[in-house]
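Participant: Here is what each chain is made of, one letter per residue.
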Amino acid sequence: MFTRKSFGLMLTYLLLLSMFVLGCQSNQSQPAPSQDQAQGAQGTAAEPAAKTVSELKIGLPSDAGPINIYTGNIDYLTELVFDKLFSPSPYVDKPEPWLAESAKQLDDVTWVVKIRDGVKWHDGTPFTAEDVKFTYEYYRDGPANRHTHHVSEVPHIEKIELDDPSTVRFTCAYACPSLERITFADLPILPKHIWEKVENPRKFTDLPVGTGPYKLVEYKADQYYKFEANKDYFKGTPLVDTLVMPVIKDPTAIFNALRSGEIDISARPLPPELEASFTNAPNMKVAETSPLSIIELKLNYDKAPFNTPEFRNAMSLAVDRQTILDTVMLGKGRAGLKGYPHPDSPWTNPNLSTPYDAEKAKSVMDGLKFVDANNDGVREMPDGKPLAFSLKVPSTEPSWIRAAEMLKDQYAKVGVKVTVEVLDSGTMATVGQTRDFDLVISNIGAHGVADPDQFVMSHRSSYLWNKTIPYPEMDALQKQWMAETSIDKRKEIGFAMQELFNKQPTSVALFYPEEKFAYRSDRYDQWVESKGYGVINKYSLLPDGAKKAKAEQ
Amino acid sequence: MDGSWFSSTFGKKLIQYVLVLAVALSINFALPRLAPGDPLEFFFGESTINELTPEQRQRALHELGLDRSVWEQYADFMTGVFHFDLGSSIKYGKPVTEVLADRLPWTVLLVAPSLIISAVIGIVIGAYAAWNRGKRRDLFFLSAMLTVESIPGFWIGMLLIAIFSVNLGWLPSFGAVPLAFTGGTAEYVGEIITHMILPVITITLSTVGGNFLLTRSSMLETLGQDYVYMAESKGASKRSLIFNHALRNALLPVYTHITMSLGILVSGAVVVESVFSYPGIGRLLYESVIARDYPMMQGVFLIITLGVIAANLLADVTYPLFDPRSRSRAWSREVSSSKQIGEETA
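Heads up: the sequence lines are chains S and Y, in that order. My numbering numbers the first residue of the first sequence as 15 and each following residue consecutively. My numbering numbers the first residue of the second sequence as 4 and each following residue consecutively.
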C-alpha cells in the first residue's frame with residue numbers, strides 16, 4: 015500500500031505542515047524598535063498630561079466574584095469600588111488621608127479620626143462616620159475575612175465610638191502606634207445602610223456599593239466585569255468612562271487577546287519569555303512594577319526535624335537561590351538573598367541576609383549529629399530516621415515545579431533527600447490548614463510580606479508559627495513589640511524579629527518576582543504603579559491632582 | 004403501544020438506566036468530597052485561611068452550609084434531584100439550576116454544530132477514502148486525518164487564534180458574546196456566530212479524525228462483501244454503490260460511536276472552552292472543581308451523567324431501526340403491530 019511515492023508524498027505533506035506552523039510562530043514577532051521606543055517602554059509609565067478615554071478593556075486572569083469582600087477578593091478591584099480611611103496601602107512610608115480628613119493619636123491606645131465631608135456612596139447616600147464605626151465593628155465581630163485580625167488581634171481595637179457625627183474614636187486593648195499607617199490604610203469602608211441588612215455575607219451577590227472612583231454596573235461570573243466612572247468622585251472625575259474587564263484565565267489566550275487588540279492591558283503579569291515580543295511591538299509598552307510578593311519554600315515547624323532551629327538554618331543555607339532564579343525565571347526578578355519579609359517594604363530590615371553556603375549547611379547538620387551512617391547518600395537523624403522529605407508544589411505553576419526539581423538536587427548535595435509531589439491547587443489549599451506537609455512551595459503577597467502587623471500575626475496564626483507552640487526568643491520580642499508605644503522603636507523591634515526569623519526560618523524566600531505589565535500605549539498611557547497592586551489601580555485612572563498627591567508620597 | 008412490550012423491553016432498559024443513574028449520583032456526591040480540600044480557600048485565600056481560629060472556621064463552614072453531616076448532605080442532594088432543586092452554588096451564590104441553565108445553552112450551541120459537521124465530514128471523506136483505498140488521495144486524507152487526530156485540541160485552538168485573531172484579526176479570540184455590546188439583535192446574533200467559529204472548528208478538527216477512521220475501516224470491510232460485488236456487477240453506479248449499498252451497512256458502528264459521543268453535547272469541551280474563555284459547562288466544571296464548590300460540581304456531574312445515559316439510551320433504542328439483526332422478537336412484534344395500527348388508523 016505504501017509505495018516509495020506515497021512516502022515521498024507524506025514527507026512533503028509533513029514538511030509543509032511544519033513550515034506552516036513555523037510560519038505562524040515567526041509572524042508573531044515584530045520589527046525591532048527604535049532606541050526611543052525601547053527606552054520609553056521600559057519606564058514605569060507615568061505621563062504628565064491627563065488624557066480622557068471613553069473605554070478601556072482590561073484582561074483579568076481570574077474572577078473575584080461580585081467584589082463584595084466576602085466572596086473572593088482581588089485587592090486592586092476592591093480598591094476601584096471601595097475607599098479606605100488612608101491610602102494607598104500600608105506598604106508605603108506614609109499613607110495620605112483619603113476618606114479620613116485627619117487622624118490624631120491622643121495617647122498610647124487612643125486615636126481620633128475626622129472623616130471627609132461631602133463624600134457620597136454610589137447610590138447617593140451620604141458617607142458618614144457611622145459607616146466607619148459599622149465597618150470596623152463588622153470586621154471585628156462579624157464573619158471572618160482577611161481584615162479581621164487587623165481589628166481583633168494585631169492590633170486589637172476594643173472600642174469604636176463616635177465623638178461627634180464626623181469624628182470616630184478608636185480605643186485599643188494595647189498600644190497601637192501603627193493604627194494610622196497600617197490599619198487605616200488597609201481596611202475598605204463598607205456602607206452601613208446596605209451591610210447591616212445582609213444576612214449571610216458569603217451568599218451576598220448584589221453588586222457592591224462603595225465610595226470609590228468606579229461603580230460596578232455589570233458582572234457576569236467567569237465572563238466579565240463592567241465599571242462606570244463615578245463622575246462625582248471626591249478626588250476628581252476618573253479619566254476613563256467605562257472599564258470592561260473580560261476574565262481570560264488561559265495565560266496564552268490573554269496575551270493573544272492583547273496582541274490582537276481585543277484588550278488594552280493584561281492584568282496577568284508578562285511571563286519572561288514573552289517580554290521581548292511585547293517590548294518590540296508597535297503601540298505597546300511594558301511597565302515594570304515591584305509586586306511585593308515572595309515565592310517561598312515553607313518548612314513545617316510542627317514536625318521533627320524542622321522544629322530544630324539549627325536544622326532550619328541548614329535548610330536555608332543549602333538553597334542556591336540565584337541559580338534557581340537564573341534557570342526558572344531566566345534571571346528576571348531577584349534571588350531571595352535578603353530573606354523574609356519583602357526587601358522593598360519600608361518595614362523590612364535592610365540588613366537581612368540569607369546567603370547560599372552548602373559547606374556551612376553540612377557542618378551545621380554534622381553538629382546536630384545528622385550524619386550519613388549507612389553511606390547511602392542520605393543523612394540520618396540520631397534515631398536512625400533518614401532526612402527524607404516530600405516537597406509539595408501546585409500543578410498550576412510550572413516554574414515552581416522546575417524550582418522544586420532544582421531544590422531536590424541542591425538538597426541531595428548536602429545529604430537531604432527530597433521527593434517532589436505535584437498536586438492540584440484545590441488540594442494544595444488545604445495543605446496549610448491540615449499541616450500535612452514537610453516542605454511546600456507557595457506564593458505570599460504584599461499583605462503577608464510588606465505589612466509589619468501581619469508579620470507578627472503570621473507568627474501567632476500558624477502561617478509562620480503558632481502562638482500555642484513556645485518560641486521563647488520570638489515570644490519575648492513579640493511581647494516587647496506589643497508593649498512599645500513609639501512606632502519607630504516598634505520598627506526596630508520588628509527588625510530584630512526579622513533577623514531572628516531568617517536565622518532559623520520557617521519560610522525560605524526563593525525569589526522576589528518582578529512584574530511587568532504589557533499594555534497598548536496608543537489606547538492609554540497613564541499607568542502608574544501603586545506598590546503591591548501593580549499598575550491596574552485607582553491612581554492610574556484618576557486625574558493629575560490625585561496622581562500628584564500620590565507622587566508626593 | 005401495548006403494556007407487555009413496555010414492561011418486557013423498554014421497561015427493563017428503563018429500570019437498568021435508573022439503577023445506573025442512582026449509582027452514578029452517589030458517586031458524583033462522594034467523589035468531590037473524597038478529594039482533599041474545601042471551599043474555604045476560595046473565600047479567604049491562602050494566607051488568611053491559616054489565620055482563622057477553629058471557631059471562625061466552623062462559623063464560615065456553617066455560613067456555607069457545610070457543617071452538616073455528610074449523610075444529611077447526601078439525603079438533601081438525593082431528594083433535591085427529584086425536586087429539581089440542586090441547592091445553591093458556593094462560588095456563584097446562586098441556585099445551581101440557574102447557573103446550569105445559564106451555561107448549558109452555550110455548550111450546546113458550541114458542541115452540537117461541531118458534532119454534526121465532524122460526523123458529516125468524517126463519514127463522507129471516510130467513505131471516499133475507503134473507495135479509493137491505496138491511492139494518493141486515500142493516503143492524503145489518511146495522513147491528514149491522522150495528523151489532526153493526534154494534535155491536542157488546545158493546541159489546534161491556540162494555532163487558530165494565532166492565525167485568525169492575532170495575525171489576520173478576522174475573528175475574536177475569546178468569549179461567547181461581545182463585551183459591553185450596544186447594537187441591535189441581528190448584529191448581536193452575528194457576533195455570537197463570529198465568536199463560535201474558531202471553537203467550533205477546533206472541536207470539529209479534534210473529533211473528525213475518529214469519525215473518518217471508523218468510517219474508512221468499516222467501509223473497507225463492507226466493500227469486500229459479496230453483495231457489493233453483486234451490486235457492482237448488476238451495473239450500480241459508483242455513487243449508488245458507495246452511498247446506497249456499502250455506506251448504509253458500514254455506518255452501523257459509526258452511528259453507535261456518534262450517538263455515544265452525544266454525551267459530550269452537555270458535558271462540554273473543557274479544554275476548548277478554557278482556551279476560548281467560553282462560558283460553557285466544561286469551563287464551569289473546571290471552575291467548580293478548583294473552588295471545591297460541591298453543589299455546583301454535583302449539578303454539573305448530574306447533567307453529564309444524564310447526558311451520557313440519555314445518549315446510551317438513544318443508541319440502545321434506535322440501533323434496531325438501523326440494524327434488523329439486533330431486533331429482538333418483541334421489538335419486531337411491536338414494530339409490526341405499530342405498523343398495523345398505523346395502517347388501520349390510516
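Please keep in mind that the hints were generated in silico from the structure rather than gathered at the bench. Since the model is a prediction, treat every value here as computed from it, not as a measurement. Keep in mind that the hints are not guaranteed to be accurate.
As the list claims (entries may be wrong) - Each computed DSS-like pair below joins lysine-lysine, with the alpha-carbon atoms no more than 25 Å apart:
1) Lys211/S - Lys317/S
2) Lys128/S - Lys147/S
3) Lys217/S - Lys206/S
4) Lys206/S - Lys97/Y
5) Lys128/S - Lys118/S
6) Lys16/Y - Lys234/S
7) Lys108/S - Lys128/S
8) Lys422/S - Lys503/S
9) Lys376/S - Lys217/S
10) Lys217/S - Lys241/Y
11) Lys245/S - Lys65/S
12) Lys245/S - Lys346/S
13) Lys317/S - Lys245/S
14) Lys211/S - Lys97/Y
15) Lys240/S - Lys97/Y
Participant: Confirm or reject each hint.
Facilitator: Checked hints:
1. Lys211/S - Lys317/S: 45 Å, violated
2. Lys128/S - Lys147/S: 12 Å, holds
3. Lys217/S - Lys206/S: 18 Å, holds
4. Lys206/S - Lys97/Y: 24 Å, holds
5. Lys128/S - Lys118/S: Within the cut-off at roughly 9 Å; holds.
6. Lys16/Y - Lys234/S: 41 Å, violated
7. Lys108/S - Lys128/S: With Cα atoms ~18 Å apart, Lys108/S and Lys128/S stay inside 25 Å; holds.
8. Lys422/S - Lys503/S: 41 Å, violated
9. Lys376/S - Lys217/S: 53 Å, violated
10. Lys217/S - Lys241/Y: Violated: Lys217/S and Lys241/Y sit about 66 Å apart, past 25 Å.
11. Lys245/S - Lys65/S: Holds - the C-alpha atoms of Lys65/S and Lys245/S are around 15 Å apart, at most 25 Å.
12. Lys245/S - Lys346/S: 40 Å, violated
13. Lys317/S - Lys245/S: 56 Å, violated
14. Lys211/S - Lys97/Y: Given pair Lys211/S, Lys97/Y holds - Cα atoms ~19 Å apart, limit 25 Å.
15. Lys240/S - Lys97/Y: Distance of about 20 Å is within 25 Å: holds.
Hints 1, 6, 8, 9, 10, 12, 13, counting from the list given before, are not met by this structure.
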